[in-house]
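Undergrad: Below, each chain spelled out in residue letters.
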Amino acid sequence: MSIEDVEARVQRAQARRERRAWAAAILSPLAAVVGVLALWEIGVRAFGVPAYILPPPSTVAVVMQSKAPLLLAHGWVSTVEIVLGYVLSIAVGVPLALATFLWPAFARSVYPLLVSSQAVPKMAVAPLFIVWFGFGLLPKVLIAFLIAFFPIVISTVVGLAAIEPEKIHLARSMGLGAAATFFKIRLPNALPSIFGGLKVAITLAVVGAVVGEFVGGDAGLGYVLMSANGSMDTALLFAGLIGLTVIGVVFYLLIELAERLALPWRSSARDGGATESM
Amino acid sequence: MEQDLVRIEGLSKVYATRGGPVRALDQVSVNARRGEFLSILGPSGCGKSTLLMIAAGLLPASSGAVLVEGKAVNQPRTDVGIVFQSPVLLEWRTALGNVLLQTEARNIDRAAAERKGRALLAAVGLAGFENKYPHELSGGMRQRVSLCRALIHEPHQLLMDEPFGALDALTRDQLTLDLQRLWNERRMTVLFVTHSISEAVFLADRVVVMTPRPGRIDRIIDIELPRPRRLAVRDTPQFAEYSREIRNLFLASGVLREA
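Note that the protein sequences, when read in sequence, are chains A and B. Each residue of the first sequence is one higher than the one before, counting from 0 in numbering that gives the first Met the number 0. Each residue of the second sequence is one higher than the one before, counting from 0 in numbering that gives the first Met the number 0.
The hints are simulated quantities; they were obtained by calculation from the structure and are not laboratory data. Being a predicted model, the structure only gives us computed values, none of them experimental. It is possible that part of the hints are untrue.
[What the hints assert, rightly or not] If you want a taste of the chain B side facing chain A, the calculated C-beta under 8 Å gives, among others:
hint	residue
1	Y14
2	L57
3	N73
4	P75
5	I81
6	V87
7	I107
8	N130
9	H134
10	W182
11	A231
12	F238
[Said to hold, decoys possible] No farther apart than 30 Å at their CA atoms in a straight line, the calculated lysine-lysine pairs in the DSSO-like style are these:
hint	chain 1	residue 1	chain 2	residue 2
13	B	K70	A	K66
14	A	K183	B	K115
15	A	K183	B	K131
16	A	K198	B	K115
17	A	K66	B	K131
18	A	K166	A	K198
19	A	K183	A	K198
20	A	K166	A	K183
21	B	K131	B	K115
22	B	K70	A	K198
23	A	K183	A	K121
We put the CB at the ideal spot given by N, CA and C, even for glycine.
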């Protein structure tokens with residue numbers, strides 16, 4: 000068999016493999032979800048589980064449809080809180096990290112306080128915020144910010160510090176000043192780490208907003224969860240949970256998208272673009 | 000002497016480490032003439048990289064001085080091209096982008112620099128790879144980009160720290176030839192640190208053989224092989240004689256131990 004024939008055969012087999020892999024990547028999780036839903040539906044009915052303990056997925060779906068306007072309205076409130084809290088955590092977290100990196104004196108004095116502040120459980124702080132800031136948007140935004148900003152600070156500081164010393168030597172031998180070295184070399188080098196922190200932080204911002212709504216809520220999906228819990232409307236509880244999950248996943252994917260746009264070289268590395276030989 | 004571009008005088012370096020002081024260099028003195036290719040050859044830990052870093056102004060000496068055109072080096076030198084053991088490329092810039100970092104830093108006209116950059120990359124066999132990111136290039140290709148970056152601003156001096164150490168033998172041979180050709184065209188002064196006897200003799204006008212730690216100069220050997228040198232020169236008796244002389248130095252100083 001000539002090499003051309005062998006190559007054609009290998010390429011056909013590879014194409015088949017890729018199609019199968021693609022199908023599997025979509026179908027497997029889909030099948031798993033459908034399977035779980037089916038088991039859930041059948042199991043709940045078969046064992047006669049009361050609806051207030053575990054409603055079947057069909058009931059949850061009905062509730063999601065009938066209470067759609069309610070869920071959307073509260074979902075929107077939570078979304079606004081999350082976004083504001085997240086933006087604030089970046090606006091405060093990144094400068095804090097820069098200050099920590101650039102001024103060791105600042106790092107020595109502020110860092111221990113920062114770390115200790117993270118040990119304080121936010122659920123305990125939330126009622127205090129309600130007392131100070133009342134009900135409404137602000138306390139929830141602040142709690143979301145408090146939980147989300149720390150990973151951003153850490154990942155930024157680590158990213159700025161972790162750099163091949165030779166890169167700095169190179170900058171010096173090229174005559175790059177401190178500012179140019181920072182913006183051309185140190186900061187781009189830190190971006191992958193920073194994005195790691197941003198991805199963690201968005202999930203925490205969701206948590207923060209919900210915690211705030213639990214404690215002092217009159218709106219938002221967290222509030223829906225609390226009131227559904229209070230009235231034993233477990234189907235609505237599930238609907239609220241699904242809503243929050245969707246919001247969290249969508250935001251996370253947005254950050255991932257931002258990362259792909261900001262670091263085009265990195266995403267192609269993940270897909271394995273490297274050559275093995277010369 | 001006006002011929003000397005770089006004078007290294009009584010250079011000593013002691014590192015203060017947690018395990019106690021480490022004597023890296025002990026009163027090393029050597030001069031590099033203008034346009035000379037000087038190889039610094041020695042075993043690991045003999046201080047040759049330290050010597051190069053001090054010559055580049057990236058590391059302070061403990062004692063002694065490095066003088067370039069009569070002026071002492073006491074801060075990072077920007078008039079050199081430097082190539083490290085690892086390519087040290089910026090992952091977020093393409094090959095051409097990495098080469099042009101050098102000219103951006105010096106505010107050299109972008110269009111002219113780009114022309115030169117592309118020509119250099121082509122000269123080392125990377126035509127067509129200008130827009131590839133480092134992770135898409137092999138180790139040898141990355142090191143070539145690093146070499147182009149060190150040459151694009153046409154420095155009078157090139158400092159190279161075991162640049163081909165991490166590459167496979169064939170790639171190393173090719174890059175050695177490429178380096179010789181580029182040097183021949185430009186005739187800059189080169190300080191080339193290596194641990195390979197064959198590489199040192201092939202490339203250099205003079206080889207500075209160093210002792211194991213603390214690094215001192217064992218001997219400086221004039222290499223009088225005609226230029227340009229082809230790979231086949233390594234099979235000549237003259238080459239073998241130089242290699243033998245160096246090998247005997249290493250056997251005497253304990254770098255190599257035979258039964």
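Undergrad: Decide, hint by hint, whether the structure agrees.
TA: Against the structure, the hints:
1. Annotation: B:Y14 was flagged as interfacial toward chain A, and the flag is violated, the nearest CB pair being 15 Å apart, outside 8 Å.
2. With its C-beta approaching chain A no nearer than about 5 Å, B:L57 sits inside the 8 Å limit, and its interface hint holds.
3. For B:N73, the interface hint is violated, since its Cβ never comes within 8 Å of a Cβ in chain A; the closest pair sits about 13 Å apart.
4. At a threshold of 8 Å, the smallest CB-CB gap from B:P75 to chain A is about 4 Å, leaving the interface hint in force.
5. The beta carbon of B:I81 comes within 5 Å of a beta carbon in chain A, closer than 8 Å, and the hint placing it at the interface holds.
6. Satisfaction of the interface hint for B:V87 is found here, the shortest Cβ-Cβ separation to chain A being roughly 4 Å, below the 8 Å cut-off.
7. Violation of the interface hint for B:I107 is found here, the shortest Cβ-Cβ separation to chain A being roughly 11 Å, above the 8 Å cut-off.
8. With 8 Å as the threshold, the beta carbon of B:N130 stays out of range of chain A, its nearest partner Cβ sitting at about 11 Å, so the hint is violated.
9. Because the beta carbon of B:H134 sits about 4 Å from the nearest beta carbon in chain A, less than 8 Å, this interface hint is met.
10. With its C-beta approaching chain A no nearer than about 19 Å, B:W182 sits outside the 8 Å limit, and its interface hint is violated.
11. Contact between B:A231 and chain A, as hinted, is not supported at the beta carbon level, the nearest pair being about 23 Å apart and thus beyond 8 Å.
12. Interface hint at B:F238: violated, since its Cβ lies 27 Å from the closest Cβ of chain A, which is beyond the 8 Å cut-off.
13. Between the alpha carbons of B:K70 and A:K66 the distance comes to roughly 81 Å, so the proposed pair goes past 30 Å and is violated.
14. This hinted pair checks out: A:K183 and B:K115 have alpha carbons roughly 22 Å apart, not beyond 30 Å.
15. Simply put, A:K183 and B:K131 have alpha-carbon atoms about 19 Å apart, close enough for the 30 Å limit, and the pair holds.
16. With a C-alpha separation of about 41 Å, the suggested pair A:K198 and B:K115 falls outside the 30 Å cut-off, and the hint is violated.
17. About 53 Å separates the Cα atoms of A:K66 and B:K131, which puts this hinted pair outside 30 Å; it is violated.
18. The hinted pair formed by A:K166 and A:K198 meets the criterion: a straight-line CA distance of about 27 Å does not exceed 30 Å.
19. Between A:K183 and A:K198 the CA atoms are separated by roughly 24 Å; this keeps the pair inside 30 Å, and the hint holds.
20. Between A:K166 and A:K183, the direct Cα distance comes to roughly 11 Å. Compliance with the 30 Å bound is thereby established for this hinted pair.
21. Taking the CA atoms of B:K131 and B:K115, the gap is about 18 Å. The hint holds against a cut of 30 Å.
22. Between B:K70 and A:K198 the CA atoms are separated by roughly 52 Å; this puts the pair beyond 30 Å, and the hint is violated.
23. Between A:K183 and A:K121 the alpha-carbon distance is near 38 Å, which puts this suggested pair outside the 30 Å criterion.
This entry does not satisfy hints 1, 3, 7, 8, 10, 11, 12, 13, 16, 17, 22, 23, going by the numbered hints stated previously.
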